[in-house]
Amino acid sequence: MSSQDVSMAIARIYYEVEDQLYSLSKSNVQWEVFQQLKKDASLVGLNLQLDASLTLQDWYEQLKLLLTDLLTNGDVRNFLYRIDVSEKKIRQIADLSIDDLCILVLEREFRKVCIQKHFSPR
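Offset between the sequence shown (1-based) and our numbering: plus 69.
Be careful, since some hints might not be right.
Claimed, not checked - Cut-off 27 Å, straight-line C-alpha distance, at most; resulting in silico cross-link-like pairs (DSSO-like, lysine-lysine):
{"hint": "1", "residue 1": "K108", "residue 2": "K186"}
{"hint": "2", "residue 1": "K107", "residue 2": "K133"}
{"hint": "3", "residue 1": "K181", "residue 2": "K157"}
{"hint": "4", "residue 1": "K107", "residue 2": "K181"}
{"hint": "5", "residue 1": "K157", "residue 2": "K108"}
{"hint": "6", "residue 1": "K158", "residue 2": "K108"}
Said to hold, decoys possible - Simulated restraints on C-beta separations:
{"hint": "7", "residue 1": "F188", "residue 2": "Q73", "range": "20 to 26 Å"}
{"hint": "8", "residue 1": "S166", "residue 2": "N142", "range": "14 to 20 Å"}
{"hint": "9", "residue 1": "M77", "residue 2": "T137", "range": "18 to 24 Å"}
{"hint": "10", "residue 1": "D144", "residue 2": "N97", "range": "18 to 24 Å"}
In short, the hints are calculated from the structure, not lab data.
Just so you know, even glycine gets a beta-carbon here, dropped at the ideal spot from N, CA and C.
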């Protein structure tokens, strides 16, 4: 997936939940999404190296490598359960490309960040 495709996919996710983004800056949300992803990965024993100096494309490529490895080792369902992807979507993973799977993960993490922002004390 090209950098432009990644940006367009992320933009689609933003559009789908834009009412939840009214007070959030785009760059801050991206960082928080990947921090949430890093946290959730660590809960299942995965080490995802992310830092602010990396580009969105770099983060996406790391996620793609992680998911490819999980698919190969058969642990992807455990990870998807950990990040609270719906059972219906988990059953469809055999039909998804690796890029679609990345977007599914990012979308779920994005929604978690939005929910945390919405319910956190201001």
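Going through the hints against the structure:
1. K108 x K186: Roughly 16 Å between the alpha carbons, so the hint for K108 and K186 holds.
2. K107 x K133: Holds, at roughly 13 Å.
3. K181 x K157: holds, 18 Å
4. K107 x K181: holds, 13 Å
5. K157 x K108: holds, 24 Å
6. K158 x K108: Satisfied, since the Cα-Cα distance of roughly 21 Å is no more than 27 Å.
7. F188 x Q73: 20 to 26 Å: violated, 34 Å
8. S166 x N142: 14 to 20 Å: holds, 18 Å
9. M77 x T137: 18 to 24 Å: holds, 21 Å
10. D144 x N97: 18 to 24 Å: violated, 31 Å
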